[in-house]
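> Sequence:
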Amino acid sequence: MLLKPGRSELLEKRDRELMETIRKVYNQQKLMYENRTHQCQDRIVNLFQPHVRPIVRGKDKAKTEFGAKINISEVNGSCRIDRFSWDAYNESTDVKMQVENFKQTYGCYPRVFLGDQIFLTRENRKYLKEKGVKIYGKPLGGPPKNDSQTAS
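Per the numbering used here, residue 2 is the first one in the sequence shown, and the count goes up by one each step.
Do not rely on the hints blindly, as some may be mistaken.
Stated by the list, open to error - If you anchor each label on the Cβ, the simulated ranges turn out as follows:
(1) Q40 - D83: 22 to 30 Å
(2) L11 - L48: 18 to 26 Å
(3) K132 - T38: 38 to 46 Å
(4) K146 - T122: 19 to 27 Å
(5) Q40 - G78: 38 to 46 Å
(6) G133 - Y34: 51 to 59 Å
(7) I73 - S9: 37 to 45 Å
(8) V76 - G143: 29 to 37 Å
(9) G138 - K14: 44 to 52 Å
(10) T122 - D16: 43 to 51 Å
(11) V113 - Q40: 53 to 61 Å
(12) S9 - R44: 19 to 27 Å
(13) K139 - L11: 55 to 63 Å
(14) M98 - Q118: 12 to 20 Å
Unchecked claim - Taking lysine-lysine and the DSSO-like style, the derived pairs with C-alpha atoms no more than 27 Å apart in a straight line are:
(15) K97 - K135
(16) K130 - K146
(17) K14 - K25
(18) K104 - K135
(19) K70 - K127
(20) K132 - K104
(21) K127 - K146
(22) K146 - K70
(23) K70 - K130
Please keep in mind that the hints were generated in silico from the structure rather than gathered at the bench.
All residues carry an ideal CB built from backbone N, CA and C; glycine is no exception.
Modelling step: build the complete structure from the supplied sequences, incorporating the hints.
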């Protein structure tokens, strides 16, 4: 009955949106079945929150996470959201954009950059060094050798 043209108007707005999400999920499942795969672009994993995407992390506790990725800048105790996204993407690609946005907003590059390993790639470290930005984060490579090991 609802598949006929013009019939979806019989539903409330929320129900129409849910029906559209169900159609998208069906098409995604059909595509994955036909292609014998378990992945598809912008995969919907929740009918009531179709904007939420799975983020594969590979951590011991949770191999897949769900939720938004948020990158922020902090200046004098105030925080600004630089990027808010429900999509899975590599956060390291945001470093240059964040630093340049900071310069455009405040007229100078930030004094320091604090980030975890995913942000501090070799390329980003080089870029930050060129801009005179001090880096706080875990250094690349393994842990430093003890003096007792290097003395022998």
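> For this structure, which hints from the list above don't hold up?
Numbers 11 and 22, in rising order.
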